[in-house]
Amino acid sequence: LTPLLASLARRLRHSLGSAAVIADEAERRTYESDALTSHRRVPGLVVLPESAEGVQETVRACLDLDVPFVARGSGTGLAGGALPLAEGVLIVTTRMNRILEIDIANQRAVVEPGVINLAIDRAAGEFGHFYAPDPASRQVCTIGGDVAENSGGVHSIRYGRTAAYVTGLEVCTPDGELVRLGAGKAAEAPGYDLTGVFTGSAGTLGIATKIVVRLLRTPESVAMLRAAFRTVAEAGTAASAIIAAGLSPTALEIMDAPLPVPASRPASDPTAGRAARPPAGGDHPAAGAVLIVELAGPAVEVRAEAAAVCDLCGAAFEIREASGAAGAAEREAVWAGYRSAVASGRNDPYRWTAVGVPCWAGRPPCLTGEADLETMRLVRRAFDPGELANPGKVLPAHGAAAEGARPW
Amino acid sequence: VVSAPDLAVGGPARDAGPADTVGGVQPRFVAAPRDAESLAQVLARCAEEGLSAVARGDGTKLDWGHPPSTVDVVVDTGRLAGVLGHSAPDLVVTVGAGTPVRAVQALLARSGQRLALDPPSVEATVGGMLATAEAGPLRHTFGAPRDLLLGVEFVRADGTFARAGARLAAGGALGALGDGSGAVGTGRGDGYDLGGGYDLGRLLCGSYGTLGVLASATFRLHPAPVRRAWVVRAVHNPAEVAGLVSDLLDSVLAPTAIEVDLPSLPVLPRQRDGGPIPGGQLAVLFEGSVEGVPARCQVAEVLLRGGVSTVDEAPVWWGRYPFSAADVALRLSAPVAGLATALYALRDAAGVPFRVRGSAGVGVVHAVLPATVPEERLAAALAAVRSALAVRGGNCVVLCAPSPLREALDLWGPTPGVALLRRIKEQFDPRRLLAPGRFVGGI
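Heads up: the sequence lines are chains H and X, in that order.
Each residue of the first sequence is one higher than the last, beginning at 1 in the numbering used here.
Each residue of the second sequence is one higher than the last, beginning at 1 in the numbering used here.
Excised from the complex, chain H in its bound form (with noise of 0.2 Å):
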């Protein structure tokens, strides 16, 4: 360690306990990367505050000692947003997982940073309520990085991103300060809207400490339709339709190859009077892509959407059904395959393409100019003078010219 950051380490064992501190070599290591593994950096010490407090405590002896900071959840982040500093303190936030609240009544969650994103659904869904935004790792990634990376899911097509349903935040700002943002349980708050502003904002303004976020009420009915085409423009084509025809599915997405799933029931065809598909054969390897159609509601307009949906494919050569309870896990087989897919990179959906997931480690997004990028630096220098959190993210260190197209 640095003689600062030793200064750093032995303030913050004072005040937060020893084991909130890791300044072990070996140990530091296993945080040098997110997902986005390409780029690595030992941090040079590494916190892991358990309270609101304990994150304010760590921000300003970062202050004091003009050290820089990088928050981070589970480390599950494609765009490098939680790649740390050789010479900053890394703020760790996976010890902050405590669900504070499942509020029905008013359809919100408040929930700590480190709790994982799927904790909160699981949650909620005791309830019969869900919470929305689906990242392919909801397993593993925190809501504090949902939160820092607006992420979203498979989903998001209709429900839309994290900052759709974050309604509140309890923020450390870069200066120290515990700021409460947004309209908390209520809809709205007078004042410039600062839970959409720090949203996305990949750590760059601060660190959330509590989050409120919206849940949703679980539908009657969800059904999920893989339709088996033979060129991915045919299944472009049918997606494109569907969307034409006003449909608004919960998912829409395009594998060029056959997804590994299990075996499954020949598609009912909805709609009486016309002949069924053809009965399902097993997997079909043979398909150049498959579109998966996934509809949520209340049933009658489920089955409604169902069969929009079967008509709008009429050159698939199969189509196949997983609805209601008894296609749930055939559902989540298919979801996990697509996960595992892509991930592997063994497919290459075609939505993928749109993910846009914004490398922040390598350049910074590029925006058109000078006079955009100063723009968004107003906002960093409201929250952050010192440019200590997450210093290069998100915009390039003042003064860096906005270089070259974005890396991804």
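Treat the hints with care, as some may be off.
[As the list claims (entries may be wrong)] Pulled a few chain H residues facing chain X out of the computed Cβ check, cut under 10 Å: (1) 173; (2) 180; (3) 205; (4) 299; (5) 376; (6) 377; (7) 395.
The set of hints was computed from the structure by calculation and includes no laboratory data.
In this text, a Cβ means the ideal position worked out from N, Cα and C, and glycines have one as well.
Let chain H serve as the given structure and place chain X on it in line with the hints.
Just chain X, lined up with the frame of chain H:
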């Protein structure tokens, strides 16, 4: 010495008249820039001369908030109008800030699409809607304007033209600002979020023109519903409404919107036939398929039990403000289950009947008090409802009030994080040239 022609850069400018006042403050000039570039020139000229400026769309909400401490120039956005791009397959539209929301909807309807925003001020422009974060019944399902905003172009107080997020090029291609490559070709998924950096569009929403003047906005669109119907039920008090809203939110009926109207009608003698006393209404909008909507309405009728009817047209009060400029208009925002408590607190402290209307399903309603209520009593009522809301989380804003009440009341109420808000303002408009004093905390 500045004169109107100095502001006629790329668009006309004139001396202001009595009809141009902002919150009772008389401006000196009105400038109507022709496009974003000329808007930037006008604001740059204002900055050079140290002139304060207030943007005006249709003027429907110009008197909201505190009167600005000074207004030299009204920037009329009427010429920044028009649909700059619409990509139906991408479900995206880019419009000029001065475009009436109604005009946007009319254009989109031809493609079977809509901007799922229904600001209650009928003539609202896109810029005015965004500046005041104005949302109507559809917010229940689709959220506030900020939730559908994909990108903005705006001009800062010093005349700097700035952009954030996505926008459509003239040809309809969606592109991130920056590389122009526009990764989205399908209009699907969450690929809408294209630009890098902070979501400045959200920052401008509800900023009352104190950070910049909007030139254009890019929105996510939704398909227009095939079928709509309203289930309307008679209601008489906030507690009854709360119970019904709770039942609806707990159901799987997925209403698009839940609105309430509780007029402060005089108590009439009970009608001879024993029918219900005319009073308030709860109206629930269902949208969906031709077969689905009637089926869901039927279930809703049973759920709401008694005095219920299903209609194909919205009630006349649906999505309209219950107040006029002569009234004192409050907006209450509460956790949805705490709304009734806040309304009772207001009733007890105000001591007069008042009308309540708004989105009971999301906990945002308007309350209208007559301007004849004494100032001390209004202040006490505000304090009472604010303290009731503070317990549960929520707030009460005075949207508009006639002078001199406007000057006397604390319109915005206590706002957490106000120091941070001031720092944002300080960065964006250090000389306080844009709508000075209109916003929260004297901003």
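A quick look at each hint next to the structure:
Residue-level restraint check for residue 173 of chain H holds (minimum Cβ-Cβ distance to chain X is 7 Å; threshold 10 Å). Annotation: residue 180 of chain H was flagged as interfacial toward chain X, and the flag holds, the nearest CB pair being 4 Å apart, inside 10 Å. Hint status for residue 205 of chain H: holds, given a least beta-carbon distance of 8 Å to chain X, under 10 Å. Checking residue 299 of chain H against chain X by beta carbon gives a least distance of about 8 Å; that is within 10 Å, so the hint holds.
Look at residue 376 of chain H: its Cβ gets to within about 4 Å of chain X, closer than 10 Å, so that hint holds up. Taken as an interface hint, residue 377 of chain H checks out: its beta carbon lies about 8 Å from the nearest beta carbon of chain X, inside 10 Å. The interface hint given for residue 395 of chain H is met, as the beta carbon of that residue sits about 6 Å from the closest beta carbon of chain X, less than 10 Å.
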